[in-house]
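Following the hints, position chain W against chain G.
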Amino acid sequence: EAQVTQNPRYLITVTGKKLTVTCSQNMNHEYMSWYRQDPGLGLRQIYYSMNVEVTDKGDVPEGYKVSRKEKRNFPLILESPSPNQTSLYFCASKKLGTEAFFGQGTRLTVV
Amino acid sequence: GESVGLHLPTLSVQEGDNSIINCAYSNSASDYFIWYKQESGKGPQFIIDIRSNMDKRQGQRVTVLLNKTVKHLSLQIAATQPGDSAVYFCAETYTNAGKSTFGDGTTLTVKP
Numbered sequence: 001e002a003q004v005t006q007n008p009r010y011l012i013t014v015t016g017k018k019l020t021v022t023c024s025q026n027m028n029h030e031y032m033s034w035y036r037q038d039p040g041l042g043l044r045q046i047y048y049s050m051n052v053e054v055t056d057k058g059d060v061p062e063g064y065k066v067s068r069k070e071k072r073n074f075p076l077i078l079e080s081p082s083p084n085q086t087s088l089y090f091c092a093s094k095k096l097g098t099e100a101f102f103g104q105g106t107r108l109t110v111v
Numbered sequence: 001g002e003s004v005g006l007h008l009p010t011l012s013v014q015e016g017d018n019s020i021i022n023c024a025y026s027n028s029a030s031d032y033f034i035w036y037k038q039e040s041g042k043g044p045q046f047i048i049d050i051r052s053n054m055d056k057r058q059g060q061r062v063t064v065l066l067n068k069t070v071k072h073l074s075l076q077i078a079a080t081q082p083g084d085s086a087v088y089f090c091a092e093t094y095t096n097a098g099k100s101t102f103g104d105g106t107t108l109t110v111k112p
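Line by line, the protein sequences are chains G and W.
The first sequence lines up with residues 1 to 111 when you count with this note's numbering.
The second sequence lines up with residues 1 to 112 when you count with this note's numbering.
Bear in mind the hints are in silico, worked out from the structure with no lab data behind them.
Values in this document were obtained by computation on a predicted structure and should not be read as measured data.
Ideal placement from N, C-alpha and C gives every residue a C-beta, glycine not left out.
Hints are not guaranteed to be accurate.
Pulled from the structure, derived: some chain G residues nowhere near chain W, Cβ distances all over 10 Å [unchecked claim]:
| no. | residue |
| --- | --- |
| 1 | Asn7 |
| 2 | Arg44 |
| 3 | Met50 |
| 4 | Val52 |
| 5 | Tyr64 |
| 6 | Pro75 |
| 7 | Pro83 |
| 8 | Asn84 |
| 9 | Leu96 |
| 10 | Glu99 |
| 11 | Gln104 |
| 12 | Thr109 |
In the DSS-like style, the derived pairs of lysine-lysine whose C-alpha atoms are separated by at most 25 Å in a straight line are [what the hints assert, rightly or not]:
| no. | chain 1 | residue 1 | chain 2 | residue 2 |
| --- | --- | --- | --- | --- |
| 13 | G | Lys71 | W | Lys99 |
| 14 | G | Lys65 | W | Lys99 |
| 15 | W | Lys37 | G | Lys95 |
| 16 | G | Lys69 | W | Lys56 |
| 17 | G | Lys18 | G | Lys69 |
| 18 | W | Lys111 | W | Lys68 |
| 19 | W | Lys68 | W | Lys42 |
| 20 | G | Lys95 | W | Lys111 |
| 21 | G | Lys17 | G | Lys57 |
| 22 | W | Lys68 | G | Lys71 |
| 23 | W | Lys99 | G | Lys95 |
| 24 | W | Lys111 | G | Lys57 |
| 25 | G | Lys57 | G | Lys95 |
| 26 | W | Lys56 | G | Lys95 |
Extracted from the complex, chain G is given alone in its bound form:
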């Protein structure tokens, strides 16, 4: 089954404790991206990757890092999480020129 898998689905952490949210896709898509979704602000892109070892900033990259060492994986790293990063996060992948496939989401709470 074609899918984008994020882990964990839910995470509560403390300010400053480094965390990684994993994302994996099994569709051999070149393009992967991370979004955060906040009430009233819609979906905002954090980082994206056009292919292995190629990443670029989206609209709200501050406080986040990503890496793309393999085509299927695109982890999101929060080196020092802060409460304003409490949000619902989505990973997505796609073949260029087509629709995106989204993961189920990761609800992160930073206290």
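Frame of chain G; chain W shown alone:
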């Protein structure tokens, strides 16, 4: 000037009625547009898309209209059902650029 529908953050319809969800996009250079449906607790899912060389595309119970003159996109859902209740987002992108910009979303509620 031409009249187009306003984007509404919420829309409530009776089961069986037709729904129209509107979206204004920002970049006149965008050439690919997509509608997504997001049900509670899930990620957005593809509904229908349209490229800039078209002004209308139909799917099963859904139709997307594109008006490039006023940068407006609409999604029409025929015979709306309770299972259509969700948040609907439009997205604009360039075919080869990857990056998509999402609209604010409309929450559709279908009353039985």
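Each hint tested on the structure:
Against the 10 Å criterion, Asn7(G) stays outside the reach of chain W, whose nearest CB is about 14 Å from its own CB. Non-interface call for Arg44(G) relative to chain W: violated, since the shortest CB-CB distance, roughly 8 Å, does not exceed 10 Å. A Cβ of chain W approaches the Cβ of Met50(G) within 10 Å, the least distance being about 6 Å, so the stated non-interface status is violated. No beta-carbon of chain W comes within 10 Å of the beta-carbon of Val52(G); the shortest separation is about 14 Å.
Residue-level check passed: Tyr64(G) sits 16 Å from the nearest beta carbon of chain W, beyond 10 Å. Every Cβ of chain W is farther than 10 Å from the Cβ of Pro75(G); the closest lies at roughly 17 Å, confirming the non-interface assignment. The claim that Pro83(G) is not at the interface with chain W holds, since no C-beta of that chain comes within 10 Å of its own (minimum 23 Å). At the 10 Å boundary, the C-beta of Asn84(G) stays outside the reach of chain W, the nearest C-beta of that chain being 20 Å off.
The beta carbon of Leu96(G) sits about 6 Å from the closest Cβ of chain W, which is not more than 10 Å, so the claim that it is off the interface is violated. Consistency note on Glu99(G): stated as away from chain W, yet its beta-carbon is not over 10 Å from all of that chain's, at 4 Å minimum. Distance check on Gln104(G): its Cβ comes as close as 5 Å (rounded) to a Cβ of chain W, failing to clear the 10 Å threshold; non-interface status is violated. Consistency note on Thr109(G): stated as away from chain W, and its beta-carbon is indeed over 10 Å from all of that chain's, at 16 Å minimum.
A distance of roughly 17 Å separates the Cα atoms of Lys71(G) and Lys99(W); the hinted pair therefore holds under the 25 Å criterion. In summary, the hint linking Lys65(G) to Lys99(W) is supported, as the alpha carbons are separated by about 17 Å, within the 25 Å threshold. Between Lys37(W) and Lys95(G) the alpha-carbon distance is near 19 Å, which keeps this suggested pair within the 25 Å criterion. Of the pairs offered as hints, the one joining Lys69(G) and Lys56(W) is violated, with about 40 Å between alpha carbons and a cut-off of 25 Å exceeded.
Of the pairs offered as hints, the one joining Lys18(G) and Lys69(G) holds, with about 20 Å between alpha carbons and a cut-off of 25 Å not exceeded. Under the criterion of a C-alpha separation no larger than 25 Å, the hint pairing Lys111(W) with Lys68(W) is inconsistent with the structure, at around 33 Å. At most 25 Å may separate the alpha-carbon atoms for a hinted pair to count; Lys68(W) and Lys42(W) exceed this at roughly 31 Å. Restraint check for Lys95(G) and Lys111(W): not satisfied, since their Cα atoms lie roughly 37 Å apart, outside the 25 Å limit.
The hinted pair formed by Lys17(G) and Lys57(G) meets the criterion: a straight-line CA distance of about 23 Å does not exceed 25 Å. Of the supplied pair hints, the one linking Lys68(W) and Lys71(G) is violated, its CA atoms being roughly 35 Å apart against a limit of 25 Å. Simply put, Lys99(W) and Lys95(G) have alpha-carbon atoms about 12 Å apart, close enough for the 25 Å limit, and the pair holds. For the suggested pair Lys111(W) and Lys57(G), the alpha carbons sit about 41 Å apart, so the restraint of at most 25 Å is broken.
Only pairs whose Cα atoms come within 25 Å are accepted, and Lys57(G) paired with Lys95(G) is accepted, the gap being roughly 19 Å. A hinted pair counts as satisfied when its Cα atoms are at most 25 Å apart, and Lys56(W) with Lys95(G) qualifies at roughly 23 Å.
The structure is inconsistent with the numbered hints 2, 3, 9, 10, 11, 16, 18, 19, 20, 22, 24, although it conforms to all the rest.
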